[in-house]
Amino acid sequence: MLGVLNFAHGSLFAVGALVATSVIGTVFPSIPVFIGAALVGAVVVGVLGLVVERTVVRRLYRGDHITMLLATFAILLIVEGASELLWGDSPATVNQPKVLSGNVHVLGAALPAYSILLVVIGAVFAVGLFLLLNRSRFGRDIKAIAQDQVMGEAVGLNTKRVMFLVFGLGSALAGLAGVLIAPTVSVSANLGDSYILESFAVVIIGGLGSITGSLISSILVGVTEALAVAYFPFLSGFTFYILVAVVLLVRPRGLLGNARIGAAA
Amino acid sequence: MIALDLVGVDKNYGGPPVVQDVSLSIEVGETVAIIGPNGAGKTTLFGVMAGETRATKGRVSLFGKDVTRAGARHLAEQGVARTFQVARYFLEKTVEENVVIARLAHQSRYRNLVSKSPRSDDTVDLALDAVGLSSARRRPSATLSHGDRKSLEIAMALAQDPSVLLLDEPTAGMGAEDIPGTIELLKGLRASRPEMTCVITAHDMNVVFALADKVVLLANGRIALQGLPDEVRDAPLTREIYLGNSYREDR
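Chains as they are written, first to last, in the UniProt record's numbering: chain A, 1 to 265; chain E, 1 to 251.
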């Protein structure tokens, strides 16, 4: 949204998952405990994101994209290192609430209830973000600043505060996602590494700065990867690189990208 | 009463000064035009008044309050609105949304992130009316003609109900046929808002002489001359460094 490609997001996501290991421990959590863990994860990581914005990212908005990329990569390394110190380097597991550990039969196929819940939560947040950006005053100001920061200042928008809050909000969502993903993976400090590349692929294919683009692109990437696994197994894990390459060749700004941000990046 | 007061303002970007020892007092309700050849420092001086550029030395006050280090947003909050040489506005928004954003910008405190985006009000309607864009309010701003973009910027400035309006080259890039309309528009604004102080930079002398109460000639970053429009126009120095000797005959 802000034209910031944020590598650190991956490590923030991992912190969310690690927080889940601390809050939940090795037991099967009840639903309230699990929701509590999700909230704690979102708050802890959100605050961490605010600190990162204020100390590092804020100074670099006016610099070039490569500086921002390097700085956020450095933050990724620092946060991962600090997480290893705090939580150790052996992978941990988190259980999902027992109620959600069964399968649900949909059209004859047995799908894990928890996966369905994740999809539903993802959809709810996508709609929520869409409404926030398109219906609220805060969202309107975010979009205005994303388009022209200088003009935003000139008419009196508090661009610093908006960017601070956006960064915090994005981080909190990463923390929440970390908690939610924890039961399905083996949790360690470098958990985010594998996701961050895929997320970048999604963002680049969808177009920088476009939420709708990201949404379409995430489905495209997911389905392509699934089809590849089924029909061309030797391509699995490789499909999003191919998609990125094709999109960059044919449409460098991505499916629905903002030409201005795309060109600058 | 003095609206905008500059005392001994210098600005350099690490090299030689772009603006040097500029002192200028602008009365409430006055319209001052800043003229000068390219590279004279007009845009930099303008940036200092708008808070976008920070003076290296000297003092800027707004209604007696020191705003030398205030920054663009704070000046906007205190009633300074501006337009840009190349019109700036939020491209992906409609005409009306642009004006609404400008109208409400400095009230946004974000205590409640999900509060609904407000719609237009009388001030927005008046601003759109004043520049003749009422009928285009639902249009995407990116589809406006060049002249209308300039008008939209002026509407955005008016929607902030400014006490000081800074117009950077209000007719830059306009076709000759659009310029008289813009001059009339600005004259109308002056007449309807006698309390509003106005600073204009312009290359077009028709704009300057139609609107300005006072003209400041800038050369090499310094004020070479200031006075009533006729005085400045007729001064030999103005012809020498700016208008050229043929100016009189052209008129």
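Think of the hints as simulated: they come from the structure by calculation, not from any bench.
What you are looking at is a predicted structure, and each value in this text was computed from that prediction instead of being measured.
Yeah, the Cβ is synthetic: ideal placement off N, Cα and C, and Gly gets one too.
Among the hints, erroneous ones may be present.
[What the hints assert, rightly or not] Pulled from the structure, derived: some chain E residues nowhere near chain A, Cβ distances all over 12 Å: (1) 5; (2) 10; (3) 25; (4) 39; (5) 50; (6) 77; (7) 97; (8) 99; (9) 117; (10) 118; (11) 122; (12) 135; (13) 178; (14) 226.
[Claimed, not checked] DSS-like cross-link-like pairs, simulated, lysine-lysine; straight-line CA separation at most 25 Å: (15) 57(E) - 93(E); (16) 214(E) - 160(A); (17) 214(E) - 187(E); (18) 116(E) - 143(A); (19) 160(A) - 187(E); (20) 143(A) - 187(E); (21) 160(A) - 143(A); (22) 214(E) - 65(E); (23) 187(E) - 98(A).
Practice task
Would you assess whether residue 5(E), listed as outside the interface, keeps its beta-carbon beyond 12 Å of every beta-carbon in chain A?
Solution key: At roughly 21 Å from the nearest Cβ of chain A, residue 5(E) sits farther out than 12 Å, so the non-interface label holds.
Problem - Given hint residue 143(A) paired with residue 160(A) - CA-CA distance at most 25 Å - result: Roughly 14 Å between the alpha carbons, so the hint for residue 160(A) and residue 143(A) holds.
Practice task
Test the statement that residue 135(E) is away from the interface with chain A: the closest C-beta pair must be farther apart than 12 Å.
Solution key: holds (23 Å)
Handout entry: residue 39(E) and chain A, when compared Cβ to Cβ, separated by more than 12 Å
Key = With a cut-off of 12 Å, residue 39(E) remains clear of chain A, as the shortest Cβ separation is near 22 Å.
Exercise for the section: Decide, holds or violated, for the assertion that all CB atoms of chain A are farther than 12 Å from the CB of residue 10(E). Expected result: holds (23 Å)
Exercise for the section: For the pair supplied as a hint, residue 214(E) and residue 160(A), confirm whether the alpha-carbon distance does not exceed 25 Å. Expected result: At roughly 37 Å apart (the allowed maximum being 25 Å), residue 160(A) and residue 214(E) break the hint.
Exercise for the section: Below or equal to 25 Å on CA atoms is what counts here, so check residue 160(A) against residue 187(E). Expected result: Violated. Residue 160(A) to residue 187(E) sits at ~36 Å, over the 25 Å cutoff.
Problem - Closest CB of chain A to the CB of residue 122(E) still more than 12 Å away - result: holds (18 Å)
Exercise for the section: Take a quick look at residue 99(E) and tell me if its Cβ sits farther than 12 Å from every Cβ on chain A, holds or violated. Expected result: The claim is violated: residue 99(E) sits with its nearest Cβ about 10 Å from chain A, within 12 Å.
Handout entry: Assertion that residue 118(E) lies outside the chain A interface [Cβ separation over 12 Å]
Key = violated (7 Å)
Handout entry: Distal placement of residue 178(E) relative to chain A, Cβ over 12 Å
Key = holds (22 Å)
Problem - Beyond 12 Å from every chain A Cβ - status for residue 25(E) - result: Its Cβ never comes within 12 Å of chain A, the nearest being 24 Å, so this holds.
The structure fails to meet hints 5, 6, 7, 8, 9, 10, 15, 16, 19, 20 and 23 from the earlier list, while all remaining hints are met.
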